[in-house]
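Chains as they are written, first to last, in this note's numbering: chain F, 1 to 315; chain D, 1 to 250.
Don't take each hint at face value.
As the list claims (entries may be wrong) - When the alpha-carbon atoms are kept at most 30 angstroms apart in a straight line, the in silico DSSO-like pairs for lysine-lysine are as follows:
1. D:Lys238 x D:Lys228
2. D:Lys63 x D:Lys28
3. D:Lys228 x D:Lys25
4. D:Lys143 x F:Lys176
5. D:Lys8 x D:Lys227
6. D:Lys143 x F:Lys5
7. F:Lys176 x D:Lys167
8. D:Lys63 x F:Lys176
Hints listed in this document are in silico derivations from the structure and should not be mistaken for laboratory results.
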Amino acid sequence: MIKFKIRQLLLVFVALVGVFTIPLWIENLYVIHLSIMVCLNVVFAISLALILKMGNLSLGHAAYIGAGAYTSSMLAVKVGLPFWLTFYIAGIASGLIAFFIGRITLGLRGIYFTITTFGLTEVFRSIWIAFRGTFGGPSGIMNIPPPPGIETKVQFYYLALIFMLISFFVFYRLSKSSFGLLCDGLRFNWLLEECVGVDTSRMKTIVFVIACTFAGLGGSILAHYLGHISPSIFTMFLSTEIIVYCAIGGLGSILGGAAGAVFMTVLGEMLFGVGFFRSLIFGIFLIGVIIILPGGLASINWNMIGRLMQKRRIA
Amino acid sequence: MVLLELDKITKVFGGLAAVRDFDLKLEKGMLSGLIGPNGAGKTTIFNMISGIIPPTNGDIFFKGNQISGCKPHELARRGIVRTFQISTLFSDLTVFQNIVLGGHNSKGLGSGFLDSFFSLKKRDELEQSTLEVIELMGLNDWKDELARNLPHGLQRILEIAIAVNAKPVVLLLDEPVAGMNWEEATRVMEIINLLRRKEGISVLLVEHNMRVVMDYCDRITVLSYGKKIAEGHPSEIKEDKQVIEAYLGT
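Go ahead and model the full structure; you've got the sequences and the hints to work with.
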């Protein structure tokens, strides 16, 4: 079915064994925490990458993550539903919101779509802040119970990891299929695609709903992991940070989005010590990548690097 | 048999009638030409037939069914496929990918979605028809080249190839040989004739190259200031006083 070369298959296998055994050879809980955040950020990044792949820049990804997080934690805290139910409801809720908003806004082209998504993030945040009774106001929702049976960080890590791997498989397969090719077509020339018989508005809605559903699912895990969410988490900054992951990894590439998320999350944590300079270094790094590698990490030709290194060894 | 029929269509842009009470009949298997000076409304008519803009007034019939108001993708699925005046391609995709994308209409969107999880048979079918189109259009040597790297003439041929893979019944070509020399233009026209013979496609063509129009079209409609001023066989059009006036001025 998938035509993998043996070497690639081996690489994937080694990587899988590697990520599954992280808790065995690292006991530092901080590293485990970092790994959980990496997993969730990867899901956020690859879901946004699919939206970017069809040529829409969404500044509102945080809103859908937040919608999932709020849905899940409110159902858990106020209704008392178990995580295994709220998790799916969170995804469906985000997907439904994406469906209705997508139907309205996806018809807008280019910058106009981006502006509405930006406004939308603020609308969501304002709603969460304004309705104290329902959403807890600025302080948000506290004491969100962890999923039953998942109490330690290591258990959480496996939950996040499996969720990430499933998401990655879904998005990667989508992007490599004819569905992904249709997304590319939308990005390069939506009118031509429409004129050869593809229902482009339906196509866009489907992509948007799939991406936002996974963002919502990720938001749900995030909420139950943190145990406390507030409107200040799901702001423009989160949205932009996810865009930065995708930009550094290579816009529109699923693999790139994942790589960018891993790289930048780890880099960001390493830079926490330098405080104020963190955003400065982040920014400079982003500019550097855009200038030197406009296609992002995904555009690096690994074969070429391998050959270069071999040549050097000979010399 | 009349495939496509425009019945008194009018398009008004902000009070100005770009096309007024325009009639047209396209019969099965025909190569029909639509000519006229710049700004006569030819592209507007194409946009109305392909559903990009709705006519202000009048009806469009395809195989006897009223189609004005349908969206472009619905019309493409029914068999009305167009090309554009300016090269319109997926410029950063390969020639093969471009043509594959053209073929997605008959397969529908749902299958493309399921395809991603189960490699279904349909995909092979699509690849097969794509390879056939590449062979037919003579693009074999350029299969894996990015569309943007193709010379102008081949880009226009690629455009037609994308449209052909959408399995059209009626093909609308907006200036397919613009900017080509006679040799290239003949090549494109021969391909179009081949398509008519092999696939039974009917063609409506907008073109400024008079020699091409006169040599290849079965029937010509002349448009000036949004109105039809003449219609008939190329030999009749050549002699028509009004046409000469419209083109040369009084």
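We went through each hint and held it up to the structure:
no., hint, in the structure
1, D:Lys238 x D:Lys228, "15 angstroms, holds"
2, D:Lys63 x D:Lys28, "10 angstroms, holds"
3, D:Lys228 x D:Lys25, "13 angstroms, holds"
4, D:Lys143 x F:Lys176, "19 angstroms, holds"
5, D:Lys8 x D:Lys227, "10 angstroms, holds"
6, D:Lys143 x F:Lys5, "24 angstroms, holds"
7, F:Lys176 x D:Lys167, "25 angstroms, holds"
8, D:Lys63 x F:Lys176, "38 angstroms, violated"
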